[in-house]
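> In case you want the letters, here they are:
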Amino acid sequence: MSGFSSLRVLAVLAKEFKQLTRDRLTYAMILAMPVVQLLLFGYAINSEPRHLPTALLVQEDSVFARSLISGLRNSAFFDLDRQVRSPAELDDLLRRGDTQFAITIPGDFTRRVVRGDHAQILVEADATDPSATGGAVAALQALSNQALARDLQGSVAQPSKAAPPFEVVVHSRYNPEAVTAYNIVPGLLGVILSMTLVMMTSLSVTRETERGTMESLLATPVQPIEVMVGKLAPYVLVGLIQTALILLLAGTLFHVPLGGGWAGLSLGVALFIVGSLALGFLISTVARSQLQAMQMSIFYILPSILLSGFMFPFRGMPEWAQTLGQIIPVTHFLRVVRGALLKGQSLEDMWRELAALAAFVCVVSALAMLRYRRTLD
Amino acid sequence: MTLAIDVSGLNKSFGARRVVQDVTIQVEEGRICGFLGPNGSGKTTTLRMLCGLLTPDSGAGTCLGFDILKQADQIKRRTGYMTQKFSLYEDLTLAENLQFTARVHGLDRREARVADALERLGLSGRRDQLAGTLSGGWKQRLALAAATLHEPRLLLLDEPTAGVDPKARRSFWDEIHALSAQGLTVLVSTHYMDEAERCHEIAYISYGKLIARGTADEVIAEAMLTTFHGEGPGIDRLAAEIAALPGVETAAPFGAALHVSGPDRAALEQALAPYRRAPFHWSETPPNLEDVFIHLMAGAEDNFQ
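Chains Y and A are the protein sequences, given in the same order.
Heads up, the first sequence is in the working numbering, so the first residue is 1 and it goes up one at a time.
Heads up, the second sequence is in the working numbering, so the first residue is 1 and it goes up one at a time.
Hints in this document: simulated from the structure, not taken from any laboratory.
Take these hints with a grain of salt, some might be off.
Simulated restraints on C-beta separations [what the hints assert, rightly or not]:
no.	chain 1	residue 1	chain 2	residue 2	range
1	A	163	Y	233	33 to 39 Å
2	Y	369	A	128	33 to 39 Å
3	A	269	Y	24	54 to 60 Å
Pairs of lysine-lysine, DSBU-like flavour, derived with a Cα cap of 35 Å [unchecked claim]:
no.	chain 1	residue 1	chain 2	residue 2
4	A	139	Y	15
5	A	167	A	70
6	A	209	A	70
7	A	167	A	139
8	A	209	A	85
9	A	209	A	167
10	A	139	A	209
11	Y	15	A	85
12	A	70	A	139
13	Y	231	A	139
14	Y	231	A	85
15	A	70	A	85
16	A	70	Y	231
17	Y	18	A	85
18	A	85	A	139
For glycine and all other residues, C-beta sits at the position ideal for the given N, C-alpha and C.
Okay, chain Y solo, but in the shape it has when bound (with noise of 0.2 Å):
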């Protein structure tokens, strides 16, 4: 018996087979995975995001200010969902990242189109996440050369149809140059703070019940906050670990400004790595083997890595899918890490993001206590 046989290949082909479908769990990820992420993904991402929040100061009451503010309605780009007073007003918004763009009609708007005299508007674009403002900025460069088109006839129609009745200045904040890395490398720190963290503990309770160890420990006095503390504490250092290695890597090798914004980065650091290692923990819980852990971690990973605003612009997706972004704790680090290294946020700016965090830490932690059996039940 040698060479080539079929009847063999069919024996480990048909074992195989029988083996797969045993394994529910695992027959169901490979029919769920990819309807699920198809539907999820393929709605949700869209790499040229529209209605976009503006903030919106307008300084002088005018035909011309309307006109302008209608032709921004009517650009699909931008939801001028917030009317300020002040450029303080305006500025703050940007900095807590509660808008994309703030737009001012200056005072002497009108006064200065009518006399062709540099007519400007102001945009200021956060853009700490440059791919979210790109289409928007070349949408309000056609814009000017059309909104007012209808005002300008007659009497203060303009001689000449080469310049534009005014000039759009846009104002990069926070990341002037546009660099991708500056967006990207704080962004990786949420994403690879997850992976290893969910994945390693992920595995913790679920590799002591295949072993078989795990019936020993539970017939000793050790209780279930005991084991989730002793399994999650080294894991908190790698977490750390990873954390200093990033930040340094970030700003040495890709200049990312480390602009500040320390007491709510720490705070953050703090709260996503805790929540991570519950999460881990909540999913060793519920798998039944180790295989069935990882998979569960990647299902958790993908969305974190797509919804999140990690790779594409947050407020790109649907109503839908930024509601299921915001139960993602990667998506609040994220703004975390970004609005502290990036804007230098104060700890009153992201609180909200944190308390996001804090909660995700609560429920996952809560959960995963409930969830530990103390016994084989």
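Go by the hints and put chain A onto chain Y.
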């Protein structure tokens, strides 16, 4: 007389399968009780219920005076449990495994206890070896050392010597008897008849029901079994033929000889009559534990179906 284990009416089902049915066990303090029964008869499940790893569906009782339903933590603190499968950390060294156990139980003088345990095992020289690299027999002895490190008063052993060679089994049992002499109560499940005979008393469980209890001699006597020992050339080849006769419950070859047993003496004698001829020679022999257990198994099956 104090009972270390005193439970009654234990029941446990997994889905529709009743794994343990109305099991009642009492073990006196300081005794070694052998827990016997075929595979899948509910031995492991019963042991797990005794040490709080499983919650019984119904039933009640105490281990070391503590309620098995409400005081699992107290029981765990005073009980050593050794699982069927090696359940120490293979990627930790011998010393590290024992240190872990010592810490989990919150013991004092940990270093000394670990060193003592390794010394007793004769493994002091290999304290820094990974537990996964030990042979089967040594793994079991290490697991026993870990299970007794916190000086428990009750030891639950689940087939501790499965797959272990006779010499290692012998030293394992010497250790158990030494522990018992110090007052430890031991409940040990096993498939080996020689081990059953080394226990002070045995409990036989089949299909989830406890069907025999007592010392080995009592169990044998209560079975009321008649056994004939047959010798002669080729007699072992007649096993299947004889076993099929009415009145014969089992016919098992022992080397060149044959053990034929049945509950009814007259029926058995009648069945064997045609074979009472040269070159075969028959003599009555007291049944051994194995004969009795095979008899008990057959009976339990009947009741169950």
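> Each hint needs a verdict: does it hold in this structure or not?
Hint-by-hint comparison with the structure:
1. 163(A) <-> 233(Y): 33 to 39 Å: At roughly 37 Å between Cβ atoms, residue 233(Y) and residue 163(A) fall inside 33 to 39 Å, so the hint holds.
2. 369(Y) <-> 128(A): 33 to 39 Å: Holds: the Cβ-Cβ distance is about 36 Å, inside 33 to 39 Å.
3. 269(A) <-> 24(Y): 54 to 60 Å: Cβ of residue 269(A) to Cβ of residue 24(Y): about 57 Å, so the range 54 to 60 Å holds.
4. 139(A) <-> 15(Y): 33 Å, holds
5. 167(A) <-> 70(A): 41 Å, violated
6. 209(A) <-> 70(A): 24 Å, holds
7. 167(A) <-> 139(A): 14 Å, holds
8. 209(A) <-> 85(A): The hint holds at about 24 Å.
9. 209(A) <-> 167(A): OK: residue 209(A) and residue 167(A) at ~33 Å, within 35 Å.
10. 139(A) <-> 209(A): 31 Å, holds
11. 15(Y) <-> 85(A): 26 Å, holds
12. 70(A) <-> 139(A): Holds. Residue 70(A) to residue 139(A) sits at ~33 Å (cutoff 35 Å).
13. 231(Y) <-> 139(A): 25 Å, holds
14. 231(Y) <-> 85(A): 23 Å, holds
15. 70(A) <-> 85(A): Judged against 35 Å, a Cα distance of about 27 Å means the pair holds.
16. 70(A) <-> 231(Y): Holds, because 27 Å separates the two Cα atoms, which is no more than 35 Å.
17. 18(Y) <-> 85(A): Roughly 26 Å between the alpha carbons, so the hint for residue 18(Y) and residue 85(A) holds.
18. 85(A) <-> 139(A): Distance ~10 Å between residue 85(A) and residue 139(A) Cα, so the pair holds.
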